[in-house]
Amino acid sequence: MNNPDNRQFNTYHTLSPEVDLNDPVARRLKAMNEALSNISLVYQRLNPPINVKPEDNKTLFEQQQGIANAWPSFQVIAEQPINDKNSQSPKPTDPVSLARQNVLSVFNDRDTPKPEPYGQEVFIGPNGDFEYSKGQ
Amino acid sequence: MLKGLFTTSTNFTNKSANPKKLSDKKRAQKYRDLIRNEAMLGGQVFGPVPNGVRREFFCLDEHTWVWHEEWTDQLGQKHVQTTRYDVRADGVVKCQNNQPYVRISPSELNNLVNAANKYVELVSTKIYGQYLTNN
Chain A
10 MNNPDNRQFN TYHTLSPEVD LNDPVARRLK AMNEALSNIS LVYQRLNPPI NVKPEDNKTL
70 FEQQQGIANA WPSFQVIAEQ PINDKNSQSP KPTDPVSLAR QNVLSVFNDR DTPKPEPYGQ
130 EVFIGPNGDF EYSKGQ
Chain B
20 MLKGLFTTST NFTNKSANPK KLSDKKRAQK YRDLIRNEAM LGGQVFGPVP NGVRREFFCL
80 DEHTWVWHEE WTDQLGQKHV QTTRYDVRAD GVVKCQNNQP YVRISPSELN NLVNAANKYV
140 ELVSTKIYGQ YLTNN
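First to last, the sequence lines map onto chains A and B. If you want our numbering, it's the position in the first sequence, counting the first as 1, plus 9. If you want our numbering, it's the position in the second sequence, counting the first as 1, plus 19.
Simulated from the structure, these hints should not be mistaken for laboratory data. Possibly wrong hints are sitting among the right ones.
Dumping the calculated BS3-like pairs for lysine-lysine here, alpha-carbon to alpha-carbon at most 25 angstroms [what the hints assert, rightly or not]:
hint, chain 1, residue 1, chain 2, residue 2
1, A, K39, B, K49
2, B, K97, A, K39
3, B, K97, B, K113
4, B, K113, A, K39
5, A, K39, B, K137
Given the structure is predicted, the values throughout are model-derived calculations rather than measurements.
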């Protein structure tokens with residue numbers, strides 16, 4: 010009880026099968042259990058776990074994916090291949106994801122002309138990349 | 020003697036009568052009696068009750084918890100404070116002595132959740148033990 014993050018909610022009680030729900034006792038137990046469940050849900054919603062406990066069988070990336078999966082906007086970003094124009098995956102719809110995608114696509118799109126450094130000669134290198142001559 | 024929000028009119032017994040034979044009125048009466056018993060037991064959740072203080076804590080329904088307290092100060096003046104906690108999807112609000120609702124602080128929510136857990140544990144054991152099975 011002292012550590013709320015490790016609390017065990019008393020949701021293990023169940024009504025005996027033979028109890029009739031017309032019985033005031035059964036109705037009372039049902040109301041009480043639902044009340045505890047409701048307040049527990051609100052508490053957990055307002056107090057999400059902050060520290061991710063290390064899990065031996067999971068890499069850090071997998072643990073972070075677990076957090077991302079619980080957060081829809083992060084999940085969209087993680088699943089969306091930003092530069093794959095043939096991708097059929099759904100487009101992000103929230104403004105933050107859209108803005109982020111647009112910014113990243115500008116920086117990563119090879120078709121986008123790159124700014125020409127002042128005083129340097131630009132040519133295409135053996136890898137097809139832009140290369141610049143060393144300045145004087 | 021101080022009279023609480025609920026006064027015990029009958030002694031609760033675990034030997035429930037056949038519910039099909041109870042009229043609606045008697046069922047409602049029994050339901051209220053159950054809450055009265057829970058309220059008295061729930062007052063013990065917070066530790067020993069000081070002399071001259073009547074404390075009751077109970078679950079009113081699926082979304083409401085009530086803390087009722089009565090005491091008499093040194094001047095002999097009687098005080099009554101009833102706090103009603105309403106559990107909503109986005110948080111918990113409280114209303115004291117019919118004042119406007121205010122959202123409770125995180126620490127108060129923590130205390131309330133602890134109290135609710137203890138309450139269910141206590142009531143389940145002391146009043147409804149024979150109706151419950153553990154998974």
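Straight-line alpha-carbon gap K113 of chain B to K39 of chain A, limit 25 angstroms = The given pair, whose Cα atoms are some 23 angstroms apart, holds under the 25 angstroms limit.
25 angstroms limit on alpha-carbon distance, applied to hinted pair K97 of chain B and K39 of chain A = Violated - the C-alpha atoms of K39 of chain A and K97 of chain B are around 36 angstroms apart, more than 25 angstroms.
Taking 25 angstroms as the top limit, are the C-alpha atoms of K39 of chain A and K49 of chain B close enough?
-> 15 angstroms, holds
Does the structure keep K97 of chain B and K113 of chain B at a Cα separation of 25 angstroms or less?
-> The hint holds at about 23 angstroms.
K39 of chain A and K137 of chain B: Cα distance at most 25 angstroms?
-> 17 angstroms, holds
Figure legend: structure checked against the earlier numbered hints; the only hint not met is number 2.
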